Amino acid sequence: MATSASASSMKRVSLAPAEEQVATPRVITRGITRRQALAAALATGVGVGAIRLIGASMQQIATTRTASAGGWISPLGSESAKLMHLLRRTSFGYTPSQLEAALSDGYDKTVDRLVETKPVEPPALAAAASPGGRFAITEVQQWWIDHMLNTSNPFAERITLFWHGHFTSDYRKVADNTFMYWQNLSWRRMAMTNLRSMLMEVTTDPAMLRYLDLATSTGANPNENYSRELMELFTMGAGNFSEDDVRESAKALAGWQLPQPDSFATSQGNRRLPVYTTQKTGVFNQRRAYRGSITYLGKTGPLDTQGVIDRILAQPATANLIATKVAQHFVTARPSASYVTGLADTFRRSKYDMKTLMHSVFTSSEFASDANYRGLVKSPAEFMLGASRALGTNSLGKLIAGSGSGMGQTLFDPPDVNGWPNNESWISSNTVVERVNFVTAAMTQSKAVLPSASDAVHVQLDGVLSSQTATLLNQAADDRARWFITLASPEFQLK
Amino acid sequence: MKKEVGINQLKRRDFLKAGLVFGAGASGLAAGYAAVPDAFARAVYAAKKEGAGNDNILVMIQLAGGNDGLRTLVPLADPTLHDLRPKLAGPMVSQALPINSQYGLNHNLGGIKGLWDKGKVAIVQGVGYPNPTFSHFESIRIWETGDPTRRQVDGWLGRTLATSYDSNGHPLTGCACGATNAPGALRDLQATLTVIQNQKTFGFTGGGEVEAAVGALYKGTPGIYGALFDTAIATATETMATLRTSASTYQPMADYTDNVKLVYSSKNQLAAALQLAAELIVTGTGVKLLHVTLGGFDTHYTELNRHDDLMGYLDSAVSAFYKDLAAHNMADKVLIATWSEFGRRPKENASGGTDHGAAAPLLLIGNPVHGGLFGSEPSLTNLDSTGNLKYSVDFRSVYQEILSGHLGADAQTILGASFDRVSFLKAPVAV
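Chains P and S, in that order, are what the protein sequence lines are.
If you number the first sequence the way numbering that gives the first Met the number 0 does, the last residue is 494 and the count never jumps.
If you number the second sequence the way numbering that gives the first Met the number 0 does, the last residue is 430 and the count never jumps.
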């Protein structure tokens, strides 16, 4: 085990002390055992590792402060740090000019802009006209990542990514990449509307009709897959419905089919493949529907798809689940029950308006509380796009599209119907190594001139560093080494 | 001699103090994971045992999505099967590989049938638990934690690592092969484990220099994720050091090539994961508990070909793995066991598939196994109120036999209770 990095081992990485090196900060753990250090920290209530940089110069890295028990020193008392915190959690990092724009608008106006700005439509993907949706999924992946890199409204992509993990679909089972492409377009357009119309959109989305088998379900012989996951994962959560409810809503939802193609083409193997020239949604076939009374969530009578959705929306558990998931994604891994209840109440009262919910999240005191500073782990997409933006390049789309897998996130290929887990689940021996390797590859492949690394400590890391990161930055020989340390640091993995 | 307190234990204490629980992310939300453990109720510094009673090895294969037990071990002579599954039953019965007059293995399980004929396969029928949930995520959690009441947070293998092995400084004691994230079964706040997706690419680009820099960077990291990050990097660098040695001495002695076309993948990922497992085992890395996953078993639609392909995948990977272990004289040490969150509904649906079910058979494979059928046959006519097969063997009975009989671990401590025995081991080491 590499217990301590000796000075000699660091020299080999060209992180050697620069000639003009200032005094190394005193690292409390050096020279005493970790047990002693920890015992001291626990006894006095101070941590052993966090440093807050004051001022704007690398020369001042040596200034240290102790933190409250083991935590990062929150800079969120300052408006600029609060804005960087907001942008980190709502976009994929930021360029200096994007940060400047936010600073001149101020926090509240920036929140309004995030929530109110319409999404930018990505350029059309030519391959989507391929018969049968038979083209490589990597085309869709890279198309979306390029749009994330280039759009003027990155929040629209962040919230689309949130829904991509929530109302998720897997290209392998969908087996038609045109449908996957359409789903991405639909999720972007609906992302900040209201849950009632979104649920209808999700239910009749062609990729979803395939993914959770609603397209092949009939009233006479219903398939339970969509019915169950609509309640368990998309809206109410486990424990809030019965197995009878699953069976009954499976009947009520049956009848949806894939849209009719505009034409057909013949494949090389002489198979008829559908060709779609415009985006479509599923169509309802009354002959496949269930005729009869349905007892669902406590009421009996005729019930159609809109009826199922409305009954789901009448359950308090639905707003609670969405609020919990939004909070875990944007605020804290462990939101308090009272915080979730407050958000859920606001969401319900607004008739499930996403703008109201997200506005309420970003302006809540919890969002920028000191306790929640660096309280979330960046997803692989956020980390990679953020690193790319920090390096001032938007030409790494291909590298980014190909690098998510080892970090546990391949777009359009979720691990299961529950989408991607978040926060601590992103951290394993495999994923952390892959993140470091991405930094190496990105710095090798980027053709942009490296921005100033000393600014990066403040612009990217808020000037809040662990003593180890500070020490290594201080000893780094040049800007390349400083950039590597900055982007590979634990600080940069967090938001 | 007084035992050194390892760096990982200290970090884990920080970690506990911060009140963060493994596995309580979005899937935790869905599965209703407990919020915060009582950090100080745990004896973090409790002396660890020097190791379990022997050097046996366990490989758990997760068949994720809910494996159709009726298409794995096919009831050949039950006419009800054809009533319940008009589309699916015909070919699965006619093609099955009979193991007696009543049952046959799926026709793509030819390699495993060969092992059955040699007495190296035990099949426990009707495995489940009371009041089954039909949620993937709740049921996965129940199987991972070994707790149908859903109070337990740590995984049953994670608890085994923590109570029975000194994984401190030996990150390869528990290993998830072919994965990017730790499976719930291996998680425990006090256990170290490695996650390796692919050993060929597991390492730092830039080699030792980067490794040294990153090793220095990830130490004493503050915050609730600090210990997790630091442990991940420390574990990774230790594992790389071990793999550097093992890669140079391992020669596969069996054929892992993919000769089955799978719907979900163009390559047999299970075979790749098991080959990595074989490498870790035969090169003496100290690995004890391994976990690999084959996904795609949620066969709600067109199950016929899809499930056959998955069976073929399982069969070719397990057969090659067994041959490799045998050729390296390690087969006596290794028990292979399958698990899945549930079986599937006996009655098929309109999509030519089956919905979520309950009880299903488990396969136990290897030289330590006493071959044969265990448990009792689930009845196709006496289904439960949801139309599913009733269980006859609690899954924790199987865990108990593995823990005490194969690993020599204290099953009662790990599982919190004792269960009826299922005697599928030839020579159980302790009971």
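Calculated directly from the structure, the hints in this document are not laboratory data.
Hints are not guaranteed to be accurate.
Stated by the list, open to error - Reference excerpt, derived from the structure (chain P facing chain S, CB under 10 Å, subset only):
#1 SER196
#2 GLU200
#3 ASP212
#4 ARG246
#5 SER428
#6 VAL431
#7 GLU490
Claimed, not checked - According to the in silico footprint, chain S covers these stretches of chain P (three or more CB under 8 Å from chain S):
#8 179-190
#9 217-231
#10 457-469
Owing to the predicted nature of the structure, the values given are computational and were not obtained by experimental measurement.
A virtual CB, placed ideally from N, CA and C, is assigned to each residue, including glycine.
Violations among the numbered hints, reported as their numbers in ascending order:
Numbers 1, 2 and 8 - these are the hints that the structure violates, sorted from lowest upward.
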